[in-house]
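Q: Using the sequences provided together with the hints, build the complete structure.
Top line first, the protein sequences correspond to chains A and B. Going by our numbering, the first residue of the first sequence is number 86, and it counts up by one from there. Going by our numbering, the first residue of the second sequence is number 534, and it counts up by one from there.
Check the hints yourself; a few may be wrong.
[Said to hold, decoys possible] Which stretches of chain B does chain A cover? Using the computed rule of at least three CB atoms under 8 Å from a CB of chain A, they are:
#: 1; segment: 552–566
#: 2; segment: 660–670
[To be verified] Pulled a few chain B residues facing chain A out of the computed Cβ check, cut under 7 Å:
#: 3; residue: Thr599
#: 4; residue: His694
#: 5; residue: Phe744
#: 6; residue: Val767
Derived from the structure by calculation, the hints contain no laboratory data. In this text the structure is predicted, and so the values were computed from the model without any measurement. Even for Gly, the Cβ is constructed at its ideal location relative to N, Cα and C.
Residues per chain are reported as follows:
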Amino acid sequence: MSSTAPAAVAAPKKARAAKKATPSKDAAPKAKRGESQRYKYSELNKASLTSGEAQHIYGVIIDATFPYKTNQDRYICSLKIVDPSLYIKSQKGTGDSSDFATVVLYAKRFEDLPIITRLGDIIRVHRATLRLYNGQRQFNANIFYNSSWAVFPQEGAGHGGASHSGKNYSFEKSEDATLANIRKWAQGYFQQYNVVSSDLYVPLAKAAGQKSDFDVVAKVNQVFELDEYTNELRLRDGSGAQTWNVLALKLKFPNVHAGDVVRIRSATYDETSTQKKVLLLSHYSNILTVPANSKLAKEVKAKAGDEKLDKAAINGVNATVLTEVDKKHAGLPVHSLLDLFHNIETDKEIQSKDTFRTQFYVTKIESADVKEWTKSYDKKTKKGASFKGQKGNANAIYQVQFLVKDVSTQFNSNTYKVLLYTHDGLGANFFNTPADNLYTNDKAAKKLQEYSGLLTKFNSWVDAVVERRNGFYFIKDTKIAF
Amino acid sequence: MFASVPAAKPATAKKTAPPKSAFKTLIFELLENKGDFSKLSQSIRKSSLKCQVNQAFPKFLVSDGTYFLSAYFTKDCIRKCHAEKDRKVNITDLQGGLISINKWEVELIGVNSAEEFISYQNVEMRLVVHEFKALYGEQLKLRKFPANLFRDDEVKALIQHFIQEERSAHLKGLKRDFDASKPLLTLREANTVSLLDPSKGSKQSADEEIFSAFTHLLPKNKQVETVNLQEIYVAEKGPDALRQFNINFHFAQKKEVPCLEKKARNLKHGRRASHDDSRKQPAV
DNA sequence: CACTTCTGTATG
DNA sequence: CCGGTATGGTGG
DNA sequence: GGGGTTCTGGGG
Numbered sequence: 086m087s088s089t090a091p092a093a094v095a096a097p098k099k100a101r102a103a104k105k106a107t108p109s110k111d112a113a114p115k116a117k118r119g120e121s122q123r124y125k126y127s128e129l130n131k132a133s134l135t136s137g138e139a140q141h142i143y144g145v146i147i148d149a150t151f152p153y154k155t156n157q158d159r160y161i162c163s164l165k166i167v168d169p170s171l172y173i174k175s176q177k178g179t180g181d182s183s184d185f186a187t188v189v190l191y192a193k194r195f196e197d198l199p200i201i202t203r204l205g206d207i208i209r210v211h212r213a214t215l216r217l218y219n220g221q222r223q224f225n226a227n228i229f230y231n232s233s234w235a236v237f238p239q240e241g242a243g244h245g246g247a248s249h250s251g252k253n254y255s256f257e258k259s260e261d262a263t264l265a266n267i268r269k270w271a272q273g274y275f276q277q278y279n280v281v282s283s284d285l286y287v288p289l290a291k292a293a294g295q296k297s298d299f300d301v302v303a304k305v306n307q308v309f310e311l312d313e314y315t316n317e318l319r320l321r322d323g324s325g326a327q328t329w330n331v332l333a334l335k336l337k338f339p340n341v342h343a344g345d346v347v348r349i350r351s352a353t354y355d356e357t358s359t360q361k362k363v364l365l366l367s368h369y370s371n372i373l374t375v376p377a378n379s380k381l382a383k384e385v386k387a388k389a390g391d392e393k394l395d396k397a398a399i400n401g402v403n404a405t406v407l408t409e410v411d412k413k414h415a416g417l418p419v420h421s422l423l424d425l426f427h428n429i430e431t432d433k434e435i436q437s438k439d440t441f442r443t444q445f446y447v448t449k450i451e452s453a454d455v456k457e458w459t460k461s462y463d464k465k466t467k468k469g470a471s472f473k474g475q476k477g478n479a480n481a482i483y484q485v486q487f488l489v490k491d492v493s494t495q496f497n498s499n500t501y502k503v504l505l506y507t508h509d510g511l512g513a514n515f516f517n518t519p520a521d522n523l524y525t526n527d528k529a530a531k532k533l534q535e536y537s538g539l540l541t542k543f544n545s546w547v548d549a550v551v552e553r554r555n556g557f558y559f560i561k562d563t564k565i566a567f
Numbered sequence: 534m535f536a537s538v539p540a541a542k543p544a545t546a547k548k549t550a551p552p553k554s555a556f557k558t559l560i561f562e563l564l565e566n567k568g569d570f571s572k573l574s575q576s577i578r579k580s581s582l583k584c585q586v587n588q589a590f591p592k593f594l595v596s597d598g599t600y601f602l603s604a605y606f607t608k609d610c611i612r613k614c615h616a617e618k619d620r621k622v623n624i625t626d627l628q629g630g631l632i633s634i635n636k637w638e639v640e641l642i643g644v645n646s647a648e649e650f651i652s653y654q655n656v657e658m659r660l661v662v663h664e665f666k667a668l669y670g671e672q673l674k675l676r677k678f679p680a681n682l683f684r685d686d687e688v689k690a691l692i693q694h695f696i697q698e699e700r701s702a703h704l705k706g707l708k709r710d711f712d713a714s715k716p717l718l719t720l721r722e723a724n725t726v727s728l729l730d731p732s733k734g735s736k737q738s739a740d741e742e743i744f745s746a747f748t749h750l751l752p753k754n755k756q757v758e759t760v761n762l763q764e765i766y767v768a769e770k771g772p773d774a775l776r777q778f779n780i781n782f783h784f785a786q787k788k789e790v791p792c793l794e795k796k797a798r799n800l801k802h803g804r805r806a807s808h809d810d811s812r813k814q815p816a817v
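A: Here it is, written out as structure tokens:
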């Protein structure tokens, strides 16, 4: 093989930053001709504390702040990393604080720092200086000068899918092995160890007692869209019966999903919230997902459990989904009311489909009189007749209109019709009771009356599958969950 | 928290304890009373609000130690504090200081939340200052990083609830004569019920535009008149200063030094070994 | 080429 | 005259 | 650096 200098790899994705990361001065970049290694990577625990020279490292990320602004022209991202020479060995109990290294990246621009979304990803830093800070090995890297970083996902082979500072990044062929090795080690490490030792976070049950900010490891039981900018995460960690809420901007944390186990770097207890338990985030706070197959994630998932829905919880304090959708639609993508009623006029994709999953709240139900929710249906004329004054329940069907609203249509003046018309069988089980003459079946009428109240209550939501027929949307394969 | 406001004592008996923030209590009460300030208990309306001035310009932000919101001054208020002979008070010099707002009111108004960050879903609780006093002596031991009141989880829920009730009241009062004989052209027309009054001839397709004509949000002409903060700035510091302020944005310059606190801070200068430079030496 | 540091000039 | 900006110098 | 911005004041 020609033993030429390593080829700089063109960025596979659009680079986050606009800078260049051409190798600059200091230690390693002195590749003699014929030599193929410009960068030599130090193990975290063997990097020199005395030389003061710039060094190059690979590490497994176990914590990180979000890139944050510190003054007019400085941004910082601070992270904790480990490698086979320096890692937290305790599975539980107190960890030894010297068992990881920290990395502090400095930049002039937000875009020049990495956004870390997962524990277990690999970071490579070029031209960092090592010093002891509070007994910690701390690598400092000035991205605004000549340092650079690259982050490789834990999943996947090779160095595809990397994000990096600068316009491009170098990757020597010898690094294939380096990367593969540390990935393999990380894999085993996350499966055998907790990685995040218990002194690095607090159980939610102890959150209220914290004096200052703290970290959390918990399961995301639900991601609720609070408004067009914000999700409200529902967190549980099994340390108490409470479910905790935290507002997470959609743009800042696009990768948080229900069922994930996450680590929150820096939260505070909200002393002003009296109706529900709330954690507050800061601009440097981060939410990192814990690999699903890791020991830690499995333990937390097992402990957290699910919060079951019961009627008493529908009190307007927390937004609550009252319905459940048949499992066969699990993969059906969610569409907003804007899609269903507006974008359909122009969007070919939407026009080509007729079944959608959608979420909304009910502002009004028609008929207002619950007894008129069912009709006697004449298949010939396709008309429903009131049961009022009638005996029996011949050909009973539901004919109910929901006037609904959602986040995507929050600001406009419209409410939208979603129908529960069961003449063709669609949605027949929605109310968990067969359509009947409600003038004679008091028990059913009473139950429906209760549903009516709960469905139109503030913070009650419906998660439904609808099918478009003849220009109307009909609910199907959906039922109230209690 | 307020100095003398029994903020911890809501007028109406609630199931839950009041929040530990005067502003949050205030917005709870105001929304509960559909924006009618006169319905709040006198003990709240007549209390003084002791606040920290987080920022004087371009928005006047005051905090109760936990949350901040925007304050607005009446013409009378400005006139009075500029008239003080010996100690003329400059609104724009209050940054970092404490003030006691002794006469005030709050009103619920419709705004564009895309532009006004001290609001939520186009609703703002507007704090109108009729009379205040600068508290020069007192120390600022309030929380250092107050948060936007309108980003609070419970406050958001409260405003959503308010809007939803306004909407459903609107919907209930709407006379909807559905003309079945008229052919429906689009799916949207068939499935849309508008809050807009159909008799007004407004188009049914209010897709893009923002609806905030709720009955309990004050229209512009019903709001208390307040002085534009930029006018105050010019009056106090001159047009040059305003121009300079805007230039500072072009190239971000130094942090404005709050007039009130720039004295007693010449003691610390010993540049702590900041490690943001990999070439600089000493470790700790 | 991008970054830092130094120097001189325009600007107010 | 101060400070920010533009320019040339530097290492890789 | 376990932290505090803002023409970015719902990534910062």
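Q: Now tell me if each hint is right for this structure.
A: Hint-by-hint comparison with the structure:
| no. | hint | result |
| --- | --- | --- |
| 1 | 552–566 | holds (count 4) |
| 2 | 660–670 | violated (count 0) |
| 3 | Thr599 | holds, 6 Å |
| 4 | His694 | holds, 5 Å |
| 5 | Phe744 | holds, 4 Å |
| 6 | Val767 | violated, 25 Å |
Of the hints listed earlier, those the structure fails to meet are numbers 2, 6, in rising order.
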